[in-house]
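With chain A's structure known, arrange chain B on it following the hints.
There are 2 protein chains.
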Amino acid sequence: MAVAKIRLYVEHPLGEGQSVPLTREQAHYLFGVMRLRAGDAVLLFNGQAGEWRADVVEAGKRGGLLRADEQTRPQDMPPDLWLVFAPIKKARTDFIVEKAAEMGARRICPVQTDFTNAERIRRDRLQAHAIEAAEQCGGSFVPEVAELQRLDAFLSAWPGERQLMFCDEALAGGSSALSGGLASAPTGAPWAILIGPEGGFSEAERTRLAGMPQAHAVRLGPRILRADTAAVAAMTMWQQALGDWR
Amino acid sequence: MAVAKIRLYVEHPLGEGQSVPLTREQAHYLFGVMRLRAGDAVLLFNGQAGEWRADVVEAGKRGGLLRADEQTRPQDMPPDLWLVFAPIKKARTDFIVEKAAEMGARRICPVQTDFTNAERIRRDRLQAHAIEAAEQCGGSFVPEVAELQRLDAFLSAWPGERQLMFCDEALAGGSSALSGGLASAPTGAPWAILIGPEGGFSEAERTRLAGMPQAHAVRLGPRILRADTAAVAAMTMWQQALGDWR
Numbered sequence: 011m012a013v014a015k016i017r018l019y020v021e022h023p024l025g026e027g028q029s030v031p032l033t034r035e036q037a038h039y040l041f042g043v044m045r046l047r048a049g050d051a052v053l054l055f056n057g058q059a060g061e062w063r064a065d066v067v068e069a070g071k072r073g074g075l076l077r078a079d080e081q082t083r084p085q086d087m088p089p090d091l092w093l094v095f096a097p098i099k100k101a102r103t104d105f106i107v108e109k110a111a112e113m114g115a116r117r118i119c120p121v122q123t124d125f126t127n128a129e130r131i132r133r134d135r136l137q138a139h140a141i142e143a144a145e146q147c148g149g150s151f152v153p154e155v156a157e158l159q160r161l162d163a164f165l166s167a168w169p170g171e172r173q174l175m176f177c178d179e180a181l182a183g184g185s186s187a188l189s190g191g192l193a194s195a196p197t198g199a200p201w202a203i204l205i206g207p208e209g210g211f212s213e214a215e216r217t218r219l220a221g222m223p224q225a226h227a228v229r230l231g232p233r234i235l236r237a238d239t240a241a242v243a244a245m246t247m248w249q250q251a252l253g254d255w256r
Numbered sequence: 011m012a013v014a015k016i017r018l019y020v021e022h023p024l025g026e027g028q029s030v031p032l033t034r035e036q037a038h039y040l041f042g043v044m045r046l047r048a049g050d051a052v053l054l055f056n057g058q059a060g061e062w063r064a065d066v067v068e069a070g071k072r073g074g075l076l077r078a079d080e081q082t083r084p085q086d087m088p089p090d091l092w093l094v095f096a097p098i099k100k101a102r103t104d105f106i107v108e109k110a111a112e113m114g115a116r117r118i119c120p121v122q123t124d125f126t127n128a129e130r131i132r133r134d135r136l137q138a139h140a141i142e143a144a145e146q147c148g149g150s151f152v153p154e155v156a157e158l159q160r161l162d163a164f165l166s167a168w169p170g171e172r173q174l175m176f177c178d179e180a181l182a183g184g185s186s187a188l189s190g191g192l193a194s195a196p197t198g199a200p201w202a203i204l205i206g207p208e209g210g211f212s213e214a215e216r217t218r219l220a221g222m223p224q225a226h227a228v229r230l231g232p233r234i235l236r237a238d239t240a241a242v243a244a245m246t247m248w249q250q251a252l253g254d255w256r
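Just so you know, the sequences run in chain order A and B.
End of the first sequence = 256 in the working numbering, gap-free, step of one.
End of the second sequence = 256 in the working numbering, gap-free, step of one.
Quick caveat, the hints were computed from the structure, so don't treat them as lab data.
If several chains are the same, the list does not tell them apart, and a pair holds so long as it fits within one copy or across any two.
Below, simulated BS3-like cross-link-like pairs (lysine-lysine); rule was C-alpha separation at most 27 angstroms, straight line: (1) Lys99 - Lys15; (2) Lys71 - Lys15; (3) Lys100 - Lys15.
Okay, chain A solo, but in the shape it has when bound (with noise of 0.2 angstroms):
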């Protein structure tokens, strides 16, 4: 049996003997780019059905077709983690969806804050980011990017049982220690990270999330830290603590 090394993500069924028929652009990835052939196999994952080796029963320029023949890995499911934060630059929000799936997030939720400006996300296109990490990383689960929504009317829905760890860059400096409201927080909750925006939160949003009963505000060391590395490093913090890096 050949040995397959390419982790494809299709939005198909998947199950022993189930045909899996390619779109364009993944038989041009596959056939095109990847010079894949009739017999050759490949992993496919669809977000729910765990990893599958699948051999390619038809190699066309257009199209394919794949047959599903045994599961590889059971489905993954990361911790019950969102990861809400504010886009502002292309490159790093793309980077932060990278990052959001390769780390173990369930749910990324891009919010508009009182100091940000971005207007609109593309959505589909931030959705493809997660989906290639997720093809990256070896995991058969993808994020979910939410569309884009005001940061208080996103509290103001804000799910009562979720804890929220609450990134504050004006919390960096200083000589406190990390606060330790992960240590003090109950286990098996869902939770979401929120990470404030590279201008900071105004001071309504701050007051409201510091009354937020399911808050637990941590300090990211005494540097400022970029939104994108505060996502990696405060995705790190969690998993470690609360999370499947445990």
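This is chain B only, laid out in the frame that chain A set:
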């Protein structure tokens, strides 16, 4: 007195009343881009003398003069941590250097590994990224970017007392927890973090690293991380356990 918002790295002594001439690039940035005028204030650091408030004495298109006024922060010195990594793609290499400066590495060491193709780096360009990150993150220290070296030569010259946190994607997957290598590590020792290249270490490299008494293998969660993600995650873990995030 004018409020200083801009932070600028200068290669010049700093002290009370010290005159600081500007390069053409610095003058362009301060007066052309940021529209500063005589009498405005900036914050200066040179990596050794802390942060100083300075006034603009002369503002020209091709140069200018600042005068340091008072020290606003003492010199920072991050923990004695080296970040050692194998550069591959330009954008991700730039990113790793930026993140190393933000996360508080003291020295940045690019290495060639058996599976790394990078034949050369632009050391001056990478150093400029480290300076820009230091200007941004509010610190007064700039890590030095070392010349590219072969990993085997680098390990042959390894300073005996320096501990090595060794992150290998071959350790990803499976179900084992974090190795706990950091918990048992000597405190107060100099350290380095070595990030595996995206193609992984060769067997020879892995064997050599495993045989070093200073090496502490650490697993970065169940997903495979890109090298840039791994660099930020590993520095977060180290800073929390042994560095200045404690």
